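Given the coordinates of chain A, work out where chain B should sit on it, guided by the hints.
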Amino acid sequence: GDSVTQMEGPVTLSEEAFLTINCTYTATGYPSLFWYVQYPGEGLQLLLKATKADDKGSNKGFEATYRKETTSFHLEKGSVQVSDSAVYFCALNDYKLSFGAGTTVTVRA
Amino acid sequence: DAGVTQSPTHLIKTRGQQVTLRCSPKSGHDTVSWYQQALGQGPQFIFQYYEEEERQRGNFPDRFSGHQFPNYSSELNVNALLLGDSALYLCASSLPAQNTEAFFGQGTRLTVV
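Protein chains in written order, with this note's numbering: chain A, 1 to 109; chain B, 1 to 113.
Note that these hints are calculated values from the structure, not bench results.
Partner residues aside, some chain B positions facing chain A, computed with beta carbon under 8 angstroms:
| # | residue |
| --- | --- |
| 1 | Ser33 |
| 2 | Gln41 |
| 3 | Gly42 |
| 4 | Pro43 |
| 5 | Gln48 |
| 6 | Gln56 |
| 7 | Leu90 |
| 8 | Glu101 |
| 9 | Ala102 |
| 10 | Phe104 |
| 11 | Gly105 |
| 12 | Gln106 |
| 13 | Gly107 |
Predicted model only: the values in this text are computed from it and were never measured. Note that beta-carbon positions come from the ideal geometry of N, C-alpha and C, so glycine has one too.
So that you can see chain A by itself, here it is in the shape it has in the complex:
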């Protein structure tokens, strides 16, 4: 079945550092790929998405490119802020969402 594997955390960074979270997937079809973010005590918010190979999703300085040849959808941000501290989930959607285990990111001032 469909599955997502993402880099384990926790990840601790200083403000303005570069962030990358690796995500790879296994799917039989051609799913859409998503990154969701979860702040403490809250539900999930969509961060960005890509619906087909070579699509680049971007939002709030975050980017991820749908790489079919490497079955990857790595999340990157060039300069993180304290407000980016959260749990990040990679997910694929083939009529239902399959999530990775989540990566906790803490950004220190």
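This is chain B only, laid out in the frame that chain A set:
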């Protein structure tokens, strides 16, 4: 637009009891999915409802059941609660297409004691 709303926000139940969680989808959405998120883990798909029918189901026992109403709102019922059912239960609404994005509610934190 109120987005996806879930009730209650927190709930404490005793082992063996039954619980009902409720979800109202985002305006315009007709598909509702339920997920279980254990502490420190990613959400796991329970089932999805569309046109008042269960369209897909994840790897959860029959103790987990649901319902969708004509106004697209949904309920998740869990019978014979176990300690391991303690989790954050998330409701997501979407359109029924394959690549559509899902919008999540704040979740219901269920604690089984």
